[in-house]
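> So the chains spell out like this:
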Amino acid sequence: MESIGVLMPRPTFPYLEEQIDKRFKLFRLWDNFSYDNNAIASSIRAVVVNSVDGADADLIRKFPNLELVSCYGVGVDKIDTNKCAEKRIRVTNTPDVLTDEAADLTIGLILALLRRLCACDQFVKSGNWKRGDFNLTTKFSGKTVGIVGLGRIGKAVAKRAEAFDCKICYHSRTAKPEAKYRYYPSVVELASNCDILVVACSLTKETKHIINGAVMNALGAKGVLINVGRGKHVDETELVRALVEGRLGGAALDVFEDEPNVPQQLFGLQNVVLTPHIGSATVETRTAMADIVIANLEAYFLAKPLLTPFL
Amino acid sequence: MATDLPNILVMGPPLIFPDFQSQYSHSYNFLTFFASSLPLPQYLSSLNILPSSIRAILCNNMQRVPADLLRSLPSLALLVTTTMGTDHIDMPECRRLGVRVATAGGSFSEDVADFALGLLIDVLMRISAANRCAKKWLRSELPRNIPPASRVGGKRVGIVGLGKIGTEVAKRLEPFGCKIMYTSRTKKSSVPYPFYGSAVEVAAESDVLVVCCSLTEETHHIVDRAVMEALGKEGVIVNVGRGSLIDEKELVRRLVSGEIGGAGLDVFQNEPLVPCELLSLDNVVLSPHAAAVTSESFHHIMELVAATLHAFFENKPSLTPVMQD
Chain A
14 MESIGVLMPR PTFPYLEEQI DKRFKLFRLW DNFSYDNNAI ASSIRAVVVN SVDGADADLI
74 RKFPNLELVS CYGVGVDKID TNKCAEKRIR VTNTPDVLTD EAADLTIGLI LALLRRLCAC
134 DQFVKSGNWK RGDFNLTTKF SGKTVGIVGL GRIGKAVAKR AEAFDCKICY HSRTAKPEAK
194 YRYYPSVVEL ASNCDILVVA CSLTKETKHI INGAVMNALG AKGVLINVGR GKHVDETELV
254 RALVEGRLGG AALDVFEDEP NVPQQLFGLQ NVVLTPHIGS ATVETRTAMA DIVIANLEAY
314 FLAKPLLTPF L
Chain X
30 MATDLPNILV MGPPLIFPDF QSQYSHSYNF LTFFASSLPL PQYLSSLNIL PSSIRAILCN
90 NMQRVPADLL RSLPSLALLV TTTMGTDHID MPECRRLGVR VATAGGSFSE DVADFALGLL
150 IDVLMRISAA NRCAKKWLRS ELPRNIPPAS RVGGKRVGIV GLGKIGTEVA KRLEPFGCKI
210 MYTSRTKKSS VPYPFYGSAV EVAAESDVLV VCCSLTEETH HIVDRAVMEA LGKEGVIVNV
270 GRGSLIDEKE LVRRLVSGEI GGAGLDVFQN EPLVPCELLS LDNVVLSPHA AAVTSESFHH
330 IMELVAATLH AFFENKPSLT PVMQD
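Chains as they are written, first to last, in my numbering: chain A, 14 to 324; chain X, 30 to 354.
For the record, the hints were derived by calculation from the structure and aren't laboratory data.
Any given hint might turn out to be false.
As the list claims (entries may be wrong) - Here are the computed lysine-lysine pairs in the DSSO-like style, where the Cα-Cα straight-line distance is at most 30 Å:
hint, chain 1, residue 1, chain 2, residue 2
1, X, 208, A, 180
2, X, 262, X, 216
3, A, 245, X, 164
4, A, 172, X, 217
5, X, 193, X, 216
Please take these sequences and the hints and turn them into a complete structure.
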């Protein structure tokens with residue numbers, strides 16, 4: 014398999030890079046890669062993409078022998094899946110392995126936001142505690158959590174929030190009667206009826222900007238938004254306006270419309286927690302995700318069934 | 030100067046005091062002893078107030094209430110502290126003198142447990158460190174200076190003290206897939222988690238220690254060098270109890286040398302002073318004794334203190350909840 018060309022667009026996790034390099038002929042897009050070299054372009058049969066660098070029609074066209082797009086991550090929104098289907102290119106992702114971590118981070122962000130953990134840390138580390146007490150913060154236990162998308166991650170968030178005596182409600186494409194939570198047929202209604210709105214759905218044409226101005230107004234000055242999904246779930250320009258004007262109570266965001274660019278106005282706000290896409294950043298999850306990518310690559314080129322096919 | 034109003038000696042002062050004072054200034058004569066540098070007898074005589082006229086104290090843990098002070102107030106019958114802990118009060122002397130001590134009881138347990146979980150997740154997943162880096166997030170580069178994050182799920186969490194707070198912590202940890210175990214004064218038969226007879230034993234089996242017991246002579250430095258050694262190099266300590274539950278000097282030494290993985294600390298031995306070595310560590314999350322301080326608990330304790338003092342001075346049982354003894 015050492016002659017099979019596998020392309021990586023950017024350095025992500027050293028372990029992943031090492032493991033691919035050991036088994037295949039690894040091409041690094043960031044390291045003097047030339048698309049003009051036909052021999053190389055023809056030898057590339059797989060691309061390992063991630064949440065920033067996908068596989069659009071343009072990239073797919075550049076590699077005539079591309080057979081497999083293996084995503085290091087669960088979201089496939091950056092992959093032109095229609096093009097892949099048309100060319101019979103297989104696509105894999107890394108579901109399940111980061112479900113728990115995404116849910117853990119969601120709760121961590123809720124607590125960091127409501128209880129001002131980051132601000133507390135800064136307050137003590139800057140020496141301000143000697144000058145006076147910190148402010149009152151907002152209790153989390155017992156609040157109502159509204160979840161947009163009750164898939165794997167949504168359910169995992171609900172399970173954790175219940176241990177904090179939270180009431181759970183949700184919106185999704187269709188109601189799930191087996192879930193014992195209150196269903197709302199629209200995101201605006203959900204937002205009107207919860208204190209904490211969590212985005213936990215996948216990004217599709219339908220869910221782009223699903224969190225818009227109307228939703229933010231419904232959530233209101235006492236409500237907060239938590240997004241560990243995709244930046245494009247939220248109308249970011251409107252979000253900045255709503256936060257600056259005080260129409261929305263607060264936000265904790267791990268993802269942004271145009272990573273790594275974060276709207277400058279957000280940095281000055283006290284009621285905002287911003288993390289640079291760390292959901293799935295733990296060593297354990299990165300290793301597990303990398304192992305799935307490798308296992309899919311190996312399975313494909315050994316003519317065995319893919320482990321986690323998306324397409 | 031108010032005359033017929035009952036005197037309340039105020040020490041600390043509790044966080045609620047400014048609001049409480051303005052709301053109840055027509056009901057009580059608040060003696061703001063916390064603001065005086067005089068010893069109590071001189072303070073009282075400077076106001077022409079007889080020590081025997083003081084039947085109640087309102088305090089928190091920012092000042093100690095020692096035996097000699099208690100003894101100098103012959104009519105003292107009620108001591109209201111807005112804290113759960115009573116380590117700042119000479120409790121044996123209160124018992125000897127027949128002074129009833131009213132505390133916040135379990136009022137803050139949920140808030141403190143929430144905060145403990147927040148600190149735990151933050152330290153493991155590096156949330157505060159990442160928040161600091163968001164400004165420096167560069168194209169093609171993941172923030173390099175954040176120490177590696179680690180999963181919450183699967184971690185073995187040892188709870189030191191399975192009282193009201195410890196129980197709420199355990200309940201919140203369960204769905205995260207943590208293995209929960211504990212040490213406590215006594216084994217709790219109705220609890221499904223493994224019990225260990227000492228902090229060293231539970232530390233040996235844990236990846237994370239959550240310290241939430243009350244501070245007594247027995248629990249002073251319950252997390253000492255031996256416990257930290259047993260916890261190990263990757264271990265994390267979260268403390269929402271009292272600073273003196275941990276040998277702070279030893280903890281700081283280990284954090285600086287890398288002999289322990291990280292810490293989430295809400296309390297310190299000499300608040301508001303915090304060891305300066307901690308201020309620059311990215312694997313440490315610090316907070317200013319804020320675990321119980323929410324708007325909700327603030328308003329709740331205001332009501333409890335009001336009802337408790339009212340029932341005491343009216344000598345009538347209260348119709349609304351009062352503080353526990």
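> Hint by hint, note whether the structure agrees.
Outcome of the hint check:
{"no.": "1", "hint": "208(X) <-> 180(A)", "verdict": "25 Å, holds"}
{"no.": "2", "hint": "262(X) <-> 216(X)", "verdict": "28 Å, holds"}
{"no.": "3", "hint": "245(A) <-> 164(X)", "verdict": "20 Å, holds"}
{"no.": "4", "hint": "172(A) <-> 217(X)", "verdict": "26 Å, holds"}
{"no.": "5", "hint": "193(X) <-> 216(X)", "verdict": "14 Å, holds"}
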